[in-house]
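Here the protein sequences line up with chains A and B, keeping their order. Just so it is clear: in the first sequence, position 96 is 96 by my numbering, and no numbers are missing. Just so it is clear: in the second sequence, position 283 is 283 by my numbering, and no numbers are missing.
If you are wondering where the hints come from, they were derived from the structure by calculation, not from laboratory data. Glycine residues also receive a C-beta, built at the ideal position from the N, C-alpha and C atoms. Among the hints, erroneous ones may be present.
Listed next, the in silico DSSO-like pairs over lysine-lysine satisfying Cα-Cα at most 30 Å (straight line) [unchecked claim]: (1) Lys686(B) x Lys6(A); (2) Lys70(A) x Lys823(B); (3) Lys511(B) x Lys65(A); (4) Lys65(A) x Lys282(B); (5) Lys65(A) x Lys108(B); (6) Lys66(A) x Lys48(A); (7) Lys741(B) x Lys48(A); (8) Lys282(B) x Lys300(B); (9) Lys741(B) x Lys66(A); (10) Lys108(B) x Lys282(B); (11) Lys47(A) x Lys741(B); (12) Lys47(A) x Lys823(B); (13) Lys686(B) x Lys66(A); (14) Lys94(A) x Lys741(B); (15) Lys94(A) x Lys823(B); (16) Lys70(A) x Lys300(B); (17) Lys315(B) x Lys65(A); (18) Lys686(B) x Lys811(B); (19) Lys104(A) x Lys811(B); (20) Lys917(B) x Lys46(A); (21) Lys811(B) x Lys30(A); (22) Lys741(B) x Lys823(B); (23) Lys741(B) x Lys29(A); (24) Lys741(B) x Lys811(B).
Interface residues of chain A toward chain B, partial, derived using beta-carbon atoms under 7 Å [unchecked claim]: (25) Ser18; (26) Gln19; (27) Gln25; (28) Ala27; (29) Glu58; (30) Pro59; (31) His63; (32) Ile71; (33) Asn75; (34) Ile77; (35) Gln84; (36) Ala88.
Output of the computed footprint for chain A on chain B, the stretches with three or more beta carbons under 8 Å from beta carbons of chain A [to be verified]: (37) 831-845; (38) 852-864.
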Amino acid sequence: MSEPIKLIILCSWGATSSQLAVRVQDAAKKRNIDLQADAGGTGEFKKKASQYTVALLEPQVRHLKKEVTKIADANHIPCDLVDQRAFALMDGDKVLDQVLGLIKQ
Amino acid sequence: MQKIDRIYSSIMKQSGKWSGGFTAAELAAYFQLDRSTASRYLNSLAKKNKLEKTTGKPVRYFCPTLTDHDKNFSQHAIHDKTSPPASNTIHFSEQIDQHFIGADESLKMVIEKGMAALFYPEQGLHILLSGETGVGKSYLAEYLAQIAAAKPWNRIKAPFITFNCADYAQNPELLMGHIFGIKKGAFTGAEKNEVGLVEQANNGILFLDEIHRLPPSGQEMLFYLIDKGLYRRLGDTDKMSHAKLILIGATTETLESTLLPTLLRRFTLKLSIPPLRERTHKEREEFLTYFLKSEAKKMKLPLLIEDYCRKAFLKYACPGNIGQLKSDIQISCARAFMRHLQEGTEQVTIQRNDIPSQVLSSMTRNEFEVDHKTSHLVTSGKSSGPLPIQTIYSILAKMKKDANDDNFASSSENSMKTAVDHYLEELKSLSEKRLESEPSWVRFIDHDLLDALRDSEFYFKDDFTFEYGSKQTIAIGLHLEAFRQQSSDAPRSSLPDLPMAKPLYRKAAAKLAEFLQNRIQLVLPASEIELLAHLIASTTIPENKREGGVLVFLVTHGRSTASSMAEVTNYLLGSPIIHPVDMPLTEATGVTYKKVRQFIVDQDGKSGILMLVDIGSLVTMGESLSHDLGIPIKTLANVNMPMLIEAGRKALITENDLETVYEASRQAFFALAPKDQLPEQPKEVKQRLIVTVCLTGEGTAQLLHDWLSEQLRAEDNDVAVRAIRIDPVSHDSTMLSTFQKQYHLIAIVGTVPVAFENVPYIPALELLRDDGHSRLHRLLEVTRPLGAPYQKEKTLNDQEMRELAPVGLGKIVRHLNPVSYAKIAFPHYERISTFYQWDTETKLGMWMHLGSLADQIIEARLVHGPDPAVPDELKELDTQVTERDLTVWAPLFADLESQLHLSIDLHLQHSLIVLGKQQKSA
């Protein structure tokens with residue numbers, strides 16, 4: 001069996017990201033996808049980046065994208081901003097699609 | 001053969017060049033190798049004792065047994081094209097011993113003007129000679145210098161230096177060094193000062209043949225030299241050298257397209273030398289006699305030529321001009337001499353079989369019957385001393401003699417043949433240059449037919465009242481070739497009845513048929529002659545006679561892509577139906593637009609225009625033009641030859657409307673090619689990426705990243721920019737391969753040159769120059785996706801955000817009513833986001849964030865727990881919260897408190913403000 005997908009959703013407060021992570025986790029469960037979604041701040045991510053398969057940033061920490069991208073590149077993991085509509089709607093299913101798309105590339 | 005062996009044999013063949021020994025650097029420059037590779041080869045050759053080497057630095061290598069081997073070798077070579085470039089200093093005797101053919105006739109004016117220029121007061125004028133290959137440009141230059149030197153009032157004391165720029169054309173550096181001189185230490189291996197041609201020609205004349213082969217930088221140095229009398233040796237940074245000379249340049253190319261306009265203007269006198277076909281008959285006879293005589297001199301035997309052969313030499317179309325005439329005569333003489341050796345005759349006689357076929361093609365069988373009996377003696381002039389090179393005749397005679405002494409072995413006959421073959425091969429390679437300019441499809445036509453048709457051009461050009469040239473003869477040739485093959489393979493299928501062509505063309509066809517029958521015994525039935533008339537008529541559509549009909553424009557990137565493609569198509573279709581517009585890379589789209597627009601206006605394209613284009617902005621140009629001019633214009637992108645030909649074919653018929661031409665051309669896109677040779681259907685479009693690089697990935701790369709992100713235009717908003725570090729040692733970056741998988745990598749920009757697959761590298765300096773980023777713009781333009789471009793999810797607009805966000809927030813909060821929160825907060829967000837210049841996405845993030853935070857505060861109060869903590873990262877930041885910030889945010893906090901009874905702790909307020917302030921810099 002292949003490794004589980006390890007996703008981290010980043011914001012600076014952990015407030016919305018943990019909620020969103022739960023939703024993505026649920027969506028994955030429904031689709032029978034082996035995924036583990038975490039939420040975290042960027043400081044944490046810096047330390048543990050290598051553990052993850054993919055990273056997403058929430059819009060309110062968009063200013064950190066440059067920094068996060070650099071860390072992600074260094075660890076060869078894809079990263080992107082959470083799709084705006086999916087974020088606005090807290091749509092775990094759609095974010096899951098985005099995650100799968102990023103990994104495939 | 002391995003590369004090392006090839007290089008070795010090449011060194012041995014030209015050991016004369018290397019007689020002074022050579023270093024690895026020199027070898028590397030000559031063979032265009034990497035220096036370390038060259039050094040490795042040399043060491044390995046020295047180990048095998050194939051080369052000798054010196055001790056000390058730099059190490060020099062020598063060819064062993066150099067002396068004898070080398071001498072023999074160079075004596076045998078008559079024309080060694082690969083021999084190292086050499087410039088000649090020619091010292092003239094007081095007297096001019098040659099008569100210059102045409103000096104009183106075709107070239108009278110040219111020579112008079114040339115003389116006048118050389119003797120023009122003060123310094124003389126610079127001269128540019130032009131003319132087809134083989135017309136005698138260098139010969140004329142030499143002649144001019146010679147008579148100039150002989151005049152008693154001559155002021156030009158110094159030598160006449162000649163050089164052919166083509167000799168070093170593959171290595172511009174060396175070429176420039178040779179002309180302008182090299183300063184010691186200019187590069188590794190330049191261990192002494194080298195005197196350049198300019199210095200040698202000081203106070204005299206420098207003749208540069210094939211001057212168009214000089215790179216633009218060299219041309220610039222030349223005109224600076226002409227203007228100021230100053231130049232700089234290669235590697236000389238502090239000193240300019242002085243020289244005063246007359247420059248004579250020569251070129252076979254069109255002047256305007258190959259020389260820098262600035263240099264072109266410096267040549268006060270431009271002389272064009274006529275091709276052989278425009279010289280008088282008498283001159284041609286003189287040339288023939290002159291060349292025969294000089295061959296006779298070399299043979300030291302009586303040389304005779306049959307009348308028939310003489311006539312052939314005087315008549316045949318000789319596109320390579322005097323040069324070709326000379327080599328054809330030499331080939332004939334060599335063959336005749338060979339026969340003389342085998343048959344043991346007293347004299348050498350040039351007969352029909354000795355002559356190259358292209359020379360014979362001008363003669364009819366009749367003429368052969370009448371003339372081949374009589375031959376004339378070529379009176380050879382007095383032999384004037386020993387010749388500088390060993391001729392083929394003496395080589396052969398010696399071989400023959402050796403063989404006789406040796407009881408004549410059959411092998412010697414073979415080696416004699418080999419020697420002659422080798423000789424002929426060399427001569428041929430000299431005359432074959434002219435074939436390069438001929439379109440390759442003439443190869444489909446057999447030589448006899450092709451030659452006959454070529455000559456027919458010559459004979460009938462003036463006879464026919466319409467234009468008759470290669471355009472028609474190629475078409476006729478292809479057809480007749482098919483006709484011949486068909487008639488020999490199988491019973492001929494009969495031709496359909498044709499309506500009669502115009503009398504003009506029928507008469508021409510009859511004449512041509514008669515000519516072909518006489519010449520190559522090709523008998524054409526009446527129906528074929530009728531067809532021929534049609535063929536001539538249809539290929540002879542006079543220019544500009546077309547009225548109405550769809551116009552086809554071909555607009556593509558590149559200096560001559562469009563004109564070249566159009567040339568082929570127009571040639572095939574026999575009519576200038578395709579109008580090419582070239583768009584050089586340096587030209588702005590706006591300029592091209594104006595060119596095309598003017599073109600359309602001039603051509604009056606009322607019936608509609610089909611624009612065939614390649615890529616980029618050209619794809620949409622037609623639409624803009626259509627609006628602009630009110631003319632129907634259709635565009636097809638990714639143009640290829642089948643499309644172009646089909647468009648041309650259909651547009652030739654003026655009744656076809658735009659739709660018909662367009663559809664036909666469109667469908668031709670995949671025509672003519674087998675499926676497996678067609679490109680794959682485009683895969684999923686990847687996002688485009690520009691990578692910026694520097695040694696740290698943070699300094700310059702980051703600056704470039706920010707600058708580029710800012711510079712990208714709206715239509716390129718799909719382009720991502722990434723800054724990365726390039727390892728200073730390996731120059732390799734695995735990151736790039738990672739990117740390649742995910743993105744369409746369009747350029748690498750930075751301060752460390754990176755060679756990664758085919759991705760162009762643009763130095764940062766280039767971007768900073770005035771028009772610098774034009775290359776990048778061009779790259780962006782040509783990679784811009786067509787039709788369905790890659791697009792990030794369409795950005796959210798404000799209205800949408802207001803509708804969606806409360807729904808999403810509703811899903812994650814437990815206590816807060818998202819709708820009332822929205823009602824209170826959104827009006828405030830207008831003011832705040834304007835102040836901090838947030839875009840919709842940031843607004844959304846901040847809104848959700850505050851919503852979620854508010855919910856957590858309410859929850860904390862309900863369970864009497866502590867308020868949510870301020871994250872460490874925000875605490876660490878030294879962003880200050882100012883009075884101004886507070887004024888902007890305060891009304892929102894006030895409203896939340898008064899309407900939702902939600903008081904937010906001051907620390908949390910501050911951290912929220914700081915988070916919001918950060919956004920501005922994103």
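Taking the hints in turn, this is what the structure says about them:
1. Lys686(B) x Lys6(A): holds, 24 Å
2. Lys70(A) x Lys823(B): violated, 39 Å
3. Lys511(B) x Lys65(A): Outside the cut-off at roughly 82 Å; violated.
4. Lys65(A) x Lys282(B): Violated - the C-alpha atoms of Lys282(B) and Lys65(A) are around 85 Å apart, more than 30 Å.
5. Lys65(A) x Lys108(B): violated, 79 Å
6. Lys66(A) x Lys48(A): holds, 17 Å
7. Lys741(B) x Lys48(A): holds, 25 Å
8. Lys282(B) x Lys300(B): This hinted pair holds, its Cα atoms lying about 27 Å apart.
9. Lys741(B) x Lys66(A): holds, 20 Å
10. Lys108(B) x Lys282(B): holds, 14 Å
11. Lys47(A) x Lys741(B): holds, 26 Å
12. Lys47(A) x Lys823(B): violated, 40 Å
13. Lys686(B) x Lys66(A): holds, 21 Å
14. Lys94(A) x Lys741(B): Given pair Lys94(A), Lys741(B) holds - Cα atoms ~24 Å apart, limit 30 Å.
15. Lys94(A) x Lys823(B): With a Cα-Cα distance of about 27 Å, the restraint between Lys94(A) and Lys823(B) holds, given a limit of 30 Å.
16. Lys70(A) x Lys300(B): Violated: Lys70(A) and Lys300(B) sit about 84 Å apart, past 30 Å.
17. Lys315(B) x Lys65(A): Status violated; Cα separation ~80 Å.
18. Lys686(B) x Lys811(B): violated, 34 Å
19. Lys104(A) x Lys811(B): holds, 29 Å
20. Lys917(B) x Lys46(A): holds, 22 Å
21. Lys811(B) x Lys30(A): holds, 18 Å
22. Lys741(B) x Lys823(B): Given pair Lys741(B), Lys823(B) is violated - Cα atoms ~46 Å apart, limit 30 Å.
23. Lys741(B) x Lys29(A): Holds. Lys741(B) to Lys29(A) sits at ~29 Å (cutoff 30 Å).
24. Lys741(B) x Lys811(B): violated, 37 Å
25. Ser18: violated, 9 Å
26. Gln19: Constraint on Gln19(A) satisfied, holds at 4 Å.
27. Gln25: violated, 14 Å
28. Ala27: Violated, about 12 Å.
29. Glu58: holds, 6 Å
30. Pro59: holds, 3 Å
31. His63: This interface hint holds because 3 Å falls under the 7 Å limit.
32. Ile71: violated, 12 Å
33. Asn75: violated, 11 Å
34. Ile77: violated, 10 Å
35. Gln84: holds, 5 Å
36. Ala88: holds, 4 Å
37. 831-845: Per the Cβ count (5), the hint holds.
38. 852-864: holds (count 3)
Checked against the numbered hints given earlier, this structure breaks hints 2, 3, 4, 5, 12, 16, 17, 18, 22, 24, 25, 27, 28, 32, 33 and 34; the rest are met.
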